[in-house]
Amino acid sequence: MIKDITLGQYFPGKSFVHKLDPRMKIILLTFFIVFIFAARNFVSLGIMAAAVFAVICISGVSPKMYFKSIKAIIFIVLFTACLNLFYGTGDPLWQWRFLKITQSGINTAIFIAVRIIALVLISAVLTYTTSPTDLTDGIERLLKPLSVFHIQVHEIAMMMTIALRFIPTLLEETDKIMSAQKARGADFESGNFITRLKALIPILVPLFVSAFRRAFDLAMAMESRCYHGGEGRTRMRVLKYSKKDYLALGASCLIFAGVIICSIYLPATVRTGM
Amino acid sequence: MKFIEVKNVVFAYDAAEEGEEPKTVLKDISFEIEKGSFVALLGHNGSGKSTLAKMFNGILEPESGDIVVNGLNTKEESTILDVRKSVGLVLQNPDNQLVASIVEEDVAFGPENLGIPPEQIRQRVDSALKSVDMYEFRAHAPHKLSGGQKQRVAIAGIIAMEPECIVLDEPTAMLDPQGRKEVMDTVIKLNREKKITIILITHYMDEAVQADRVIVLDDGRIIRDGAPKKVFSEVEFLKCHSLDVPQATELAYRLSSSGMKIEGTPLNETECISAVIKALS
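Sequences listed follow chains P and W, in order.
So the first sequence is numbered by this note's numbering: it starts at 8 and just counts up by one.
So the second sequence is numbered by this note's numbering: it starts at 16 and just counts up by one.
Note that these hints are calculated values from the structure, not bench results.
There's no promise every hint is true.
As the list claims (entries may be wrong) - Simulated crosslink set (DSS-like; lysine-lysine; CA at most 27 Å straight-line):
#1 P:K183 / W:K42
#2 W:K254 / W:K38
#3 W:K100 / W:K145
#4 W:K17 / W:K100
#5 W:K50 / W:K38
#6 P:K189 / W:K69
#7 W:K209 / W:K254
#8 P:K26 / W:K159
#9 P:K21 / W:K159
#10 W:K90 / W:K69
#11 W:K42 / W:K90
#12 W:K276 / W:K69
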C-alpha cells in the first residue's frame, strides 16, 4: 500500500540526540558539514568520522537504518572514488595506456569516500531523530532574522507544515483513485515506459482536481480560524535551549577545535575539494 | 437576546460561463438568532443553506442586506477578526480543515492566530480537547483518526478560540453512523453545558429534531421557521418541497393516513412508540 510510506523517516525515541532543540541540531549539522568539507588530512577527517560515529551510537536509532541511507548513495560514492583513483599525481603504481593509479590517487579516493559517507550519515541523524513538525519549527525560528530582507519566513514554514499534513491524505487518495481506475479496467502494469506513463494521466487528473478543492476548503477553514499571516501570531510551543543543548554545543566546539588544529599543523592529504 | 441578525440578505454566484445569468441563491432572507439557542437550517441541495453558513463569519458577503453578529456588521473589514473569533465555522470534510500534523497543534492553530500567550494556549487546547473527549489523542496524527474523531478535533479547534457561536455546515455528511452520533452528542453537549449558540446545517432530519428551532430553506427563501414539532407536523408541505421528515414522524404520518388515530407529531422512536401504544389501547 502506498500509504505505508513514512515521510521524513523519523524514528521516535528518547535518546540524548532526540531531546536536543531542533534549532541546535540544525546549527550543529551545518557546522559538521562545513568541518567535514574543511578537513584536509586523514587525522582531521578521522576526528570528524569518529564524531559522526559517536553521534550515531548515542542517537539510539537502529544501525540498519544508517546502512540503508548509505546503500542509497553507494553508487555515487564508488563513482567519485573511481574517478579520483585515476587523477592522482606522482609515480604510477600501475599503468595501462593513459590510466594510471598512484599512491596519492588511492589516498584521495579513500578520503572522498569517507567524506561523502560521513556527510550522508550526519544528515541522516537529523532526519531520523527530529519529527517533521520540529524540523519546520526549528527552520522557521532560525530563519526568522531573514525577514529583515523581506523573505517570507513564516509563509514558507506554513507551506511546509501544510505539505507535511497533506502528504498522507493525498497518498491515501491516490490509492483510492488507483483502485477506482483499476475497477474500471485501467492497466498500470503492462506496456512500455511511455504507455505506463500515459496510464498515469487518469490518476493525476482527478488527484489534482481534488487537491485544488481541498486547498479551497482549507483556505476557508484557515480564514475562519482567524489566520491572517505571521503578524501578531504566537506559538503554543516555545523552543528553549536546555543544558543538553549547551553540552552538545560545547562537545562539538571541542571537536571542531581539534579539526582546526590538525588542519593547520599537519600536511594536507588532498589538494582540492571534491 | 439576539446574537445574529440577518437583514434582507440577497446573494448570487457569478455565472459559470459567459452569457449565463448569475445564479441567485439567497433571495431576501431575514431572521434573527437568539444567544444560546440551537438552530437547525434545513433544505435540499441548492437551497442556499451552505452559502448562508459561510456568511455568518464573513467568508462570503451579502450582495445586498446585512448580517450583524453581536453588533458587528460582517461587511466591515476592520472588525472581521472579531466576528470570526465569536463565530466559528466547521465544514463538511474534516480532512480539509485540519492544518497541522499533530492533533494538539492543530487545535492550537486558532488561538495562535489570535496572539494568545503560550501558557494560555496550552490551557485552552487541553480544555477544548477534553470537552470533545479527544484529550487522549492529543499527540496523534490526524490522518490516523476516524472521520468522527477528526470532525471532533475540528470542533475542538474552534472551541479553543472560545467562540460564542459555532456554525456547522453539514458536519456529519461524510461520516458513518457511529461518527455522526459522536459529533451530534458533542454539539448538543456544547450547547447545553457551555451555552454556545449552535447553527447546524444538515439534511438529516433526525439531527434537526434535536434543535430548539428549525428554519427550512427552499430556493433561496425561508419557507418555514419554528419549533421542530410544529415544522415537522406539516408532512405533506415538506414533501412537496422534496424534503424528508424524521423516520418516526413518517411512520406516524402513514399510520394516521391509513386510519389510525395518532395524536401529535412524534419526532423520535420513544415518542412514536408511546403514541402508537396510546392509539392501540
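Results of checking the hints against the structure:
1. P:K183 / W:K42: Not satisfied, since the Cα-Cα distance of roughly 40 Å exceeds 27 Å.
2. W:K254 / W:K38: 25 Å, holds
3. W:K100 / W:K145: 20 Å, holds
4. W:K17 / W:K100: 18 Å, holds
5. W:K50 / W:K38: Not OK: K50 of chain W and K38 of chain W at ~32 Å, beyond 27 Å, violated.
6. P:K189 / W:K69: With Cα atoms ~38 Å apart, K189 of chain P and K69 of chain W exceed 27 Å; violated.
7. W:K209 / W:K254: The given pair, whose Cα atoms are some 35 Å apart, is violated under the 27 Å limit.
8. P:K26 / W:K159: Given pair K26 of chain P, K159 of chain W holds - Cα atoms ~25 Å apart, limit 27 Å.
9. P:K21 / W:K159: At roughly 23 Å apart (the allowed maximum being 27 Å), K159 of chain W and K21 of chain P satisfy the hint.
10. W:K90 / W:K69: With Cα atoms ~13 Å apart, K90 of chain W and K69 of chain W stay inside 27 Å; holds.
11. W:K42 / W:K90: 18 Å, holds
12. W:K276 / W:K69: Violated, at roughly 43 Å.
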